[in-house]
Amino acid sequence: MEYVIEMLNITKEFPGIIANDDITLQVRKGEIHALLGENGAGKSTLMSVLFGLYKAEKGTIKVNGQVAKIHNPNDAKKYGIGMVHQHFKLVHNFTVLENVVLGVETVENGFLKLKDAREKVEKISKQYNLFIDPDALISDISVGMEQRVEILKMLYRENEILIFDEPTAVLTPQEIDELMKIMKNLASEGKSIIFITHKLNEIKQVADRVTVLRKGKYIATVDVATTSKEEMSEMMVGRKVLFEVEKGEQKPGEVILEVKNLVVKSKHSHKNAVNNVSFKVRRGEILCIAGIEGNGQTDLVYALTGLTPIESGSLLFKGSDITHSTIRQRSVSGISHIPEDRHKHGLVLDYNLAENLVLQSYFQKDYQNNGFLKFEAIYKHATDLIQQFDIRSGEGANSKTRSMSGGNQQKAIVAREIDKNPDLLIAVQPTRGLDVGAIEYIHKKLVEQRDAGKAVLLVSLEMIEVMNVSDRILVMYEGELVGQADPRVVSQQELGLYMSGSKREVIE
Amino acid sequence: MNKLLKSKGFQNASASILSIIFGFVFGFIVLLISNPANAVGGFLTILSGGFTGGMKGLGQTLYLATPIIMTGLSVGFAFKTGLFNIGASGQFIIGAFTAVFIAVKATFIPTEILWLVALTGAFVAGGLWALVPGFLKAYRNVNEVIASIMMNYIGMYLVNFMVVKTVFDAARNQSMTPTRAIIPKVGLDTLFNGSNVNLGIIIAILVAIIAYIVLEKTTFGYELKACGYNRSASQYAGMNSKRNILLSMVIAGAFAGLGGGLLYLAGSGKHIQVVDILAAEGFNGIPVALLGLSNPIGIIFAAIFVAYINVGGFYMQLYKFVPEVISIMVAAIIYLSAFSLFFREQISAFFKKRTEGK
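Chains as they are written, first to last, in our numbering: chain D, 1 to 508; chain G, 1 to 358.
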């Protein structure tokens, strides 16, 4: 069998960590080859080596059977390797066409010649059913469309080997289906695709073969058709993974948080971001706020935690009014918050792990004495949490959090927030961008908190998470609560109707 | 030994030293171009810098280092907390004026403590001057660079105006001599005979040490730095980020203001000139902070180094170098020295390669 790309025995080290340890990846012509692994398994590093962003210490790369020297992305392009990055690299105030030709423009007497380019773009768009309008501004098109522009860029440059780096992370379910079709189409036209992901469903759907990495090591390459999802996840994580969240009966207790007629002004428009929302969260239950992104969930959480002022309405926490309390007062009185954006709010990336683990408690008696930090206690605390929550990093408590993998950054935040022993745990998108193992872990922790008699408020966009973890579901649409459901009886379709605003009911 | 070589402190220090060497090489080229015959002699003079005049030269080095330790701290402290205080010049001269004003006018205060009161005044005035850009930054998100540059000019003209109105020595077009409030010499003048060094250098070093302790060891410093690194996260953690930004700026300003007081109460015959020139000590704080990598302890050494070069430059006049060439030479050395950040990256890359090679 002819291989179009062969990466043989690749080893790449970083200080304190071997990112790729003797990894081999062989991709056949015209196949969709999935690269599966947890966060920090070495997928991105391996692709960066292929793309010339990193230089491997050991190993060889062959393209079409010939040894290839790839020192920078330009070399990679010469070999026809193109990559769709997780974060798109497009100029927003340029049109699609201008973005596609950027860097390979045809110029005549100092003037841009776009006519030929336009024809080529239209031809490719038709050939692969991309439905792209070459004159649309990037700032006007959807995220899914932006991704297609990136794909078109690769095709325009006549790349034969296409790398997709977690392409579905930013897409809606419909857009994901479309992308899957496009990928199959590309493969049937003879392009070879490397598909980086940690979502098993997607691999099952499109990939021909899958190479699994775990903690920087090569595990296996298998045929997708003959391998079950359970087997794949076991290879990836190294143990059996539970897809169903294990949890016992809920025993809801007293009301911990009561939200009454909450209104939050929108920063961007005249409409209210949160409009007249009322609900209660009890001890021993996981209440989930479901909804499509941008329907006021973020503002609701900001209002609950004090990051945003409240326009009207009131908040009762453990019976006392916290409507006008400061962030610190709320935090100290027993509200923990796993924020949506871990880089913006959750961590000070230039502080080390130990310093980040006391971000919410550095002012407590345990960690300071007359304003002087007790470093011994702070580092002891960090070592304890690192062990208890299995936070992995290059240099332990001294690691800069910037250098840690996303999953471990999230674990650090979860550790810090749970360690505060709160009465109410607000978790916003706590598993965003994490792999199955980490997701399982975080879900387990949320259920543990519930079983320990805490109230958990989960805000999630992931349908599976909503269905599996929560005890009660409220759906938010355009700043209002439009439905409530019991996850044991409601169907995903019905929830979808609430989430898209097609169905609504009056709550309580 | 290997552990020492790879330690961060060592890499930082060696980066600073390496950049200083580059500065010297460049400076030597400047000398060769301007006056080849005397280049070697002149260069040796600047190399031996503060040692040229014996103990006097050393004393002068410490004397000149005093104000730029303070302005270096001012810039460095703000840096550490995510702010760029380019207004040290204005805060410096406001502090200087306040000190001189108190020293001349506050005749009711006993001579023994007058200098201390005047210095305190300088400290407070510098802080107040930085309150304006600090307030604008914290509560209105106005860029502190722009705001503090403006405050430099306002400060300079205000001081010129106030000197003429209050403590003017018309004959010399400068401020009066604050004879009753000279900072004590505490025996340093006999140790470094003939120089202007005084208690000020010890005060400056103490302030630097306090700044270091505040930044690295206290909850207050933890908050200030958290705000500087990530304002959103510090808000999330319940810190009052607005107050912290304001305080960072005020503390930075107070350091610069104290620097002004320390220089003009040194009893060295230095007076506030009524001219339209921004105080250079304020801007010299920037390379000092860069060279010291914003670490208060590093800033002490960086300031002493810059002063050392300046003293060397002074003695270069013996070799018939015109002051302008000396200024270029000194500036080139300081300028290149501030590249230490760049060299630090190179050094850590070098050590990484070496360990990987093994």
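Derived by calculation from the structure, the hints in this document are not laboratory data. For clarity, every value in this text was computed on a predicted model and none was experimentally measured. Among the clues, some could well be false.
DSS-like mimics (lysine-lysine), calculated; alpha carbons at most 25 angstroms apart, straight line [said to hold, decoys possible]:
#1 G:Lys-270 with D:Lys-267
#2 G:Lys-242 with D:Lys-344
#3 G:Lys-185 with D:Lys-265
Far from chain G, some chain D residues (derived; all Cβ distances over 12 angstroms) [claimed, not checked]:
#4 Leu-53
#5 Asp-133
#6 Arg-328
#7 His-337
#8 Gly-346
#9 Asp-350
#10 Val-358
#11 Phe-363
#12 His-381
#13 Asn-421
#14 Gly-437
#15 Leu-461
#16 Arg-488
Only some residues are given here: those of chain D computed to face chain G with a beta carbon under 8 angstroms [said to hold, decoys possible]:
#17 Ile-141
#18 Tyr-156
#19 Ile-310
#20 Ile-322
#21 His-324
#22 Thr-326
#23 Ile-327
#24 Ser-331
#25 Pro-339
#26 Val-348
#27 Gln-368
#28 Gly-371
#29 Tyr-441
No residue lacks a Cβ here, since even glycine has one placed at the ideal position from N, Cα and C.
- Quick one: work out the minimum CB distance from D:Leu-53 to chain G and report holds if it exceeds 12 angstroms, violated otherwise. D:Leu-53 is indeed farther than 12 angstroms from all Cβ atoms of chain G, at 16 angstroms.
- Given D:Gln-368 as an interface hint, is the shortest Cβ-Cβ distance to chain G below 8 angstroms? holds (5 angstroms)
- Query: Once the shortest beta carbon distance from D:Ile-322 to chain G is found, is it less than 8 angstroms?
  - Reply: violated (13 angstroms)
- 12 angstroms cut-off, C-beta based - D:Asp-133 kept clear of every residue in chain G: Per Cβ check, D:Asp-133 is outside 12 angstroms of chain G; nearest 37 angstroms; holds.
- Item | Interface hint status, D:Ile-141 versus chain G (Cβ within 8 angstroms) | With a closest approach of 29 angstroms, the D:Ile-141 hint is violated.
- Just checking, D:Phe-363 versus chain G, shortest CB gap more than 12 angstroms? The assertion about D:Phe-363 is violated, with a minimum of 6 angstroms to chain G.
- Against chain G, does D:Leu-461 hold up as non-interface, every C-beta pair farther apart than 12 angstroms? holds (20 angstroms)
- Claimed clearance of chain G by D:His-381, with the beta carbon kept past 12 angstroms: holds (14 angstroms)
- Query: Far enough from chain G: is every CB of that chain over 12 angstroms from the CB of D:Asn-421?
  - Reply: holds (17 angstroms)
- Message: Just to be careful: measuring from the Cβ of D:Val-348 to every Cβ in chain G, is the smallest value less than 8 angstroms?
- Response: Holds - the Cβ of D:Val-348 comes within 8 angstroms of chain G, reaching about 5 angstroms at its closest.
- Message: Tell me if the interface restraint on D:Ile-310 is satisfied: Cβ within less than 8 angstroms of some Cβ in chain G.
- Response: violated (16 angstroms)
- Non-interface label on D:His-337, tested against every C-beta of chain G at 12 angstroms: It is violated; D:His-337 is separated from chain G by about 7 angstroms at its closest Cβ, not greater than 12 angstroms.
Checked against the numbered hints above, the structure breaks hints 1, 3, 6, 7, 8, 9, 10, 11, 17, 18, 19, 20, 21 and 29 and satisfies the rest.
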